[in-house]
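Knowing the structure of chain A, use the given hints to seat chain B on it.
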Amino acid sequence: MALYNFKKIMVVPTSKEFIDITLSKTQRKTPTVVHKHYQIHRIRHFYMRKVKFTQQNYHDRLSQILTDFPKLDDIHPFYADLMNVLYDKDHYKLALGQINIAKNLIDNVSKDYVRLMKYGDSLYRCKQLKRAALGRMCTIMKRQKQSLEYLEQVRQHLSRLPTIDPNTRTLLLCGYPNVGKSSFINKVTRADVEVQPYAFTTKSLFVGHMDYKYLRWQVVDTPGILDHPLEERNTIEMQAITALAHLRSAVLYVMDVSEQCGQTLEQQLELFNNIRPLFANKPLLIVANKCDVKKISELTEEDQKIFADLTAEGISVIETSTLTEEGVMTVKTEACDKLLAHRVDGKMKGKKVHDVLNRLHLAVPAKRDEKARPPFIPEGARIGRKTMEVDVPKRKTERDLEVEMGDDYILDLQKYWDLMNQDEKYDVIPEIWEGHNIADYIDPDIMKEELKVKDEEMQEIRQLAKQIREKRKLKIVCSKDKDVHGPRLPRTVKKVERKTLEKEMGDLGLDMTGKDDSHYAVNARRSRSVGVAKKRKREASVIPTSRTRSQSASRPPRDQSGVRDPKMAKQAKKLMKNQQKDMNRQGKKGEADRHVFDLKPKHLFSGKRKSGTNDHR
Amino acid sequence: MFPQNEHIELHRKRHGQRLDHQERKRKKESREAHERSHKARKMIGLKAKLYHKQRHSEKIQMKKTLKMHEQRKTKQKNDDKTPEGAVPAYLLDREGQSRAKILSNMIKQKRKEKAGKWEVPLPKVRAQGETEVLKVIRTGKRQKKAWKRMVTKVCFVGDNFTRKPPKYERFIRPMGLRFKKAHVTHPELKATFCLPILGVKKNPSSPLYTTLGVITKGTVVEVNVSELGLVTQGGKVIWGKYAQVTNNPENDGCINAVLLV
Numbered sequence: 001m002a003l004y005n006f007k008k009i010m011v012v013p014t015s016k017e018f019i020d021i022t023l024s025k026t027q028r029k030t031p032t033v034v035h036k037h038y039q040i041h042r043i044r045h046f047y048m049r050k051v052k053f054t055q056q057n058y059h060d061r062l063s064q065i066l067t068d069f070p071k072l073d074d075i076h077p078f079y080a081d082l083m084n085v086l087y088d089k090d091h092y093k094l095a096l097g098q099i100n101i102a103k104n105l106i107d108n109v110s111k112d113y114v115r116l117m118k119y120g121d122s123l124y125r126c127k128q129l130k131r132a133a134l135g136r137m138c139t140i141m142k143r144q145k146q147s148l149e150y151l152e153q154v155r156q157h158l159s160r161l162p163t164i165d166p167n168t169r170t171l172l173l174c175g176y177p178n179v180g181k182s183s184f185i186n187k188v189t190r191a192d193v194e195v196q197p198y199a200f201t202t203k204s205l206f207v208g209h210m211d212y213k214y215l216r217w218q219v220v221d222t223p224g225i226l227d228h229p230l231e232e233r234n235t236i237e238m239q240a241i242t243a244l245a246h247l248r249s250a251v252l253y254v255m256d257v258s259e260q261c262g263q264t265l266e267q268q269l270e271l272f273n274n275i276r277p278l279f280a281n282k283p284l285l286i287v288a289n290k291c292d293v294k295k296i297s298e299l300t301e302e303d304q305k306i307f308a309d310l311t312a313e314g315i316s317v318i319e320t321s322t323l324t325e326e327g328v329m330t331v332k333t334e335a336c337d338k339l340l341a342h343r344v345d346g347k348m349k350g351k352k353v354h355d356v357l358n359r360l361h362l363a364v365p366a367k368r369d370e371k372a373r374p375p376f377i378p379e380g381a382r383i384g385r386k387t388m389e390v391d392v393p394k395r396k397t398e399r400d401l402e403v404e405m406g407d408d409y410i411l412d413l414q415k416y417w418d419l420m421n422q423d424e425k426y427d428v429i430p431e432i433w434e435g436h437n438i439a440d441y442i443d444p445d446i447m448k449e450e451l452k453v454k455d456e457e458m459q460e461i462r463q464l465a466k467q468i469r470e471k472r473k474l475k476i477v478c479s480k481d482k483d484v485h486g487p488r489l490p491r492t493v494k495k496v497e498r499k500t501l502e503k504e505m506g507d508l509g510l511d512m513t514g515k516d517d518s519h520y521a522v523n524a525r526r527s528r529s530v531g532v533a534k535k536r537k538r539e540a541s542v543i544p545t546s547r548t549r550s551q552s553a554s555r556p557p558r559d560q561s562g563v564r565d566p567k568m569a570k571q572a573k574k575l576m577k578n579q580q581k582d583m584n585r586q587g588k589k590g591e592a593d594r595h596v597f598d599l600k601p602k603h604l605f606s607g608k609r610k611s612g613t614n615d616h617r
Numbered sequence: 001m002f003p004q005n006e007h008i009e010l011h012r013k014r015h016g017q018r019l020d021h022q023e024r025k026r027k028k029e030s031r032e033a034h035e036r037s038h039k040a041r042k043m044i045g046l047k048a049k050l051y052h053k054q055r056h057s058e059k060i061q062m063k064k065t066l067k068m069h070e071q072r073k074t075k076q077k078n079d080d081k082t083p084e085g086a087v088p089a090y091l092l093d094r095e096g097q098s099r100a101k102i103l104s105n106m107i108k109q110k111r112k113e114k115a116g117k118w119e120v121p122l123p124k125v126r127a128q129g130e131t132e133v134l135k136v137i138r139t140g141k142r143q144k145k146a147w148k149r150m151v152t153k154v155c156f157v158g159d160n161f162t163r164k165p166p167k168y169e170r171f172i173r174p175m176g177l178r179f180k181k182a183h184v185t186h187p188e189l190k191a192t193f194c195l196p197i198l199g200v201k202k203n204p205s206s207p208l209y210t211t212l213g214v215i216t217k218g219t220v221v222e223v224n225v226s227e228l229g230l231v232t233q234g235g236k237v238i239w240g241k242y243a244q245v246t247n248n249p250e251n252d253g254c255i256n257a258v259l260l261v
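Keeping their order, the protein sequence lines are chains A and B.
When we follow full-length UniProt numbering, the leftmost residue of the first sequence carries the number 1, and every step to the right adds one.
When we follow full-length UniProt numbering, the leftmost residue of the second sequence carries the number 1, and every step to the right adds one.
If we strip away everything but chain B, and leave its shape as in the complex, we get:
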């Protein structure tokens, strides 16, 4: 009663196709270009935006392949033939970097380390003002007292954290905004891992935020890297490393950081 298994192919084998099948197929394929252009012209709205974007990327691909085909036919300049360190004729007179420069660079770096300036991926970050990070909470019988503050950004509190009694706590860190894990990228391996946070090392906007544990863009946090299995020269296992946050966690709902090697 119901057709079984490969009934479509069987029918085609037994009865062949329509007499005008090839012609119809050919005509339909040739009409495709017209129909596509008609569609592209008449579409409006969000659908059109998405379609045009997709079509644009398709066209780029087509152009690339065409260019590749053309390249085979023409001769290209070969860049590999010039050896390393080769210098054009008008620069032959100059000397390379001298030893003096190297020494002075080393001294400068030592001075920077002593000062405590670290080499981080994001050296300068926009400072977050207090009104942005802390929201005023009014309390009291007549809602006049305004000494409580609520943190509006993502924060980290340790494992052994307990709140102060609610009557006395000045800074409220809501549970919904407490995060424990960060997505950390290793800059050389280009791989991302989800690692637990150990603590907030420094928040560039203010030391108050560091003590509160507020995590904003540019904050340096310490993460637990025991997963990665790094080992020191001496044979000890590294289990904590610094990473700098690269996104705005309160807007994205997650903490993305880059490991500082």
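Looking at chain A on its own, in the form it has when it is part of the complex:
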């Protein structure tokens, strides 16, 4: 059984559109150029392809229509009946049948003409045959104009039908027009059904959903039913009858006690008795609506007797008013309970329930001894439960204060602030101080920070940090003041004299005596022994020619390590350049650059050059 989705049926085009689309598709998607001097089999193939392509398109589209539209035998009888009422089963089946016939005819036409084209001995003959074939197919489609229009209308209406699940818990509202069914569904669910004072405002079924006992319930609103025999009923009423007949639901028969709908209570009772057979096997409830205008107790004796009779038969009658909302909840709970009980009964009587019941076992712990072991409820939970249950306000809320003081009331939230120093509650807090936005500096952990500051050690560290910061700033200022001609070099380029180092550190408070065997002193002596002139005075801005001065002598730069003489150095350099030639030619960044350039991106070189775009893409 195919699953149908009424909302996802493809649009059915009109016959003219259908023909236009298919023919233009054939023209675009098949090759267009053929000449007289081509070989005859090539000409034949060219035209046969066109015929077959057109046939394929028609076939596909028509098959899709045929599968999308639901078969009345495959869907739930409720929907089958509803569609019969709305669209006339015969007409519907005929329309789909015509489409099917058209599909077969088109297939036959294509077969015939392809067979004929095999005997085509000239371009003219093949072309005429193709023309005849396509023309024939399009004429067949032209004849389907009526069917296609009808199917499009059916599709539009079908997609807007309410999705009613026939198997789930449903409450069905029925009664005369204007008694208050739509108002009821508006009150109980979120459905927004139109409510107007004229009869037959609701012209089709509406569905709304509500929750009760953690379950989802459907409420179905029907158009009103008038009291005449089944044959004379019109389409609108037949929808209501279909819903009553097929949906397994609880029926809520709504009556208008105040007779504002235009029917007397006797007439309403007449209708009730007439459609009684449809209520067989369904839990029934009578809703006496519009009781804000007239209560049952205010009615005459005979009318009250009607209701008494109904109650005597076992059908519950509940007074409601959808205007004042009294009784609506009672109706809802009672109808739902009845339906649930009915459904459970049904399930219990069925066969499937035994499979489940046999596996269920409720275990009750057996008593071990006579000691009483009541449930333990902790104190907090007990208090909480008590506060939830008892309806006593625990504290005076601001609202209560406002109500008390009336016009004098001013909202004063600062009295609830919890500060260490309670006097500061009403202090004014500035927003901007010394050019800074105070809100930027609020730190939730500020209390912890304050406590930390009180610690002595931290105080010393802070003092030191402050000094360091000051000294650093001074140094920066001094260095900026220096008038350097040329680029500013980083400090690591220059060599630092031992004397300056020891002096600076001594100034800062470090003990620099007896540092002859420290690392920096040893290195300084070692670098001196390499063999470069000792006491050449250099200016601060000249870069030392060899970096070995500031680095350890045991690490020569890579382009000089292992190189004995200038000749070898030159050769090494030449080798290096040779190896780089290839990479440079290809524009690579280095050895590791393996990027592959996309010189002919597909999107710029593919696709048809349609008319008007021959000089650009």
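Hints are computed from structural coordinates only; laboratory data are not their basis.
Incorrect hints may appear among the rest.
[Unchecked claim] What the simulated footprint calls covered on chain B by chain A, stretch by stretch (three residues with Cβ under 8 Å from a Cβ of chain A suffice, anywhere in the stretch; the number is not a length):
(1) 33-47
(2) 166-177
(3) 250-257
[What the hints assert, rightly or not] Listed below are the simulated DSSO-like cross-link pairs for lysine-lysine, each with C-alpha atoms no more than 27 Å apart in a straight line:
(4) A/118 with B/217
(5) A/8 with A/142
(6) A/16 with B/42
Where is the CB? At the ideal position from N, CA and C, for every residue including glycine.
Using the frame of chain A, we list chain B on its own:
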């Protein structure tokens, strides 16, 4: 969850339309003429041809209706007022057709019937040469023998037709080109029926084609008209009548004929 039934109309009823709805609508309608002309100017290719053709027929209709409206306002010459047989003053002297002419016409027709010349809708048709109708099929071990011929036009073979043994058949009539039905139009009723062919009466190009049953334009075929329910004076049912083929069946894939009454 999903909107139900006539939700669009309901929304319009409840909330009305956009505040500038009428203005937008009016402006859009007035822009239509500009957009249509822009489209007509910028379109190219096959789409443009089709569009221009359609637009042309629309314009013709518009012009016709305008003309009709104009006609109501002006007075027209009424042609019905002149009686039948009325003759202008300068022709009053001549006499009408005399009896002699009628008699001689009758004699001429009898002579034509005797000669076997029928009155057909297409009196003259282009003659089809042998090279056109029959294609040479080469056979033999070395494909040298060329005595077989294949018919390239549509043909009709009777119900009781059986091929000669393939080794000896000189004319091959392929099954794909054999047709049994023709679309016959009654010239007075202007209605077309699909009638089975009974046989080929005469092919104007050559008697050879008649015997082979080749159907080309102008061929007279006999069709089974029992469907139409024609009856003779004597009360007998007519079930065979002649019809002349009016199209080229090999190009159209079907035989269209006109009934000879």
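Checked hints:
Counting residues of the segment 33-47 of chain B whose beta carbon lies closer than 8 Å to any beta carbon of chain A gives 4, which reaches the threshold of three, so the coverage claim holds. Here's how the segment 166-177 of chain B fares: 3 of its residues keep a CB closer than 8 Å to some CB of chain A, so the rule of at least three is met and the hint holds. Here's how the segment 250-257 of chain B fares: 5 of its residues keep a CB closer than 8 Å to some CB of chain A, so the rule of at least three is met and the hint holds. This hinted pair checks out: residue 118 of chain A and residue 217 of chain B have alpha carbons roughly 21 Å apart, not beyond 27 Å.
At most 27 Å may separate the alpha-carbon atoms for a hinted pair to count; residue 8 of chain A and residue 142 of chain A meet this at roughly 26 Å. At roughly 24 Å between alpha-carbon atoms, residue 16 of chain A and residue 42 of chain B fall within 27 Å of each other, so this suggested pair holds.
Of the numbered hints listed earlier, not one is contradicted by the structure.
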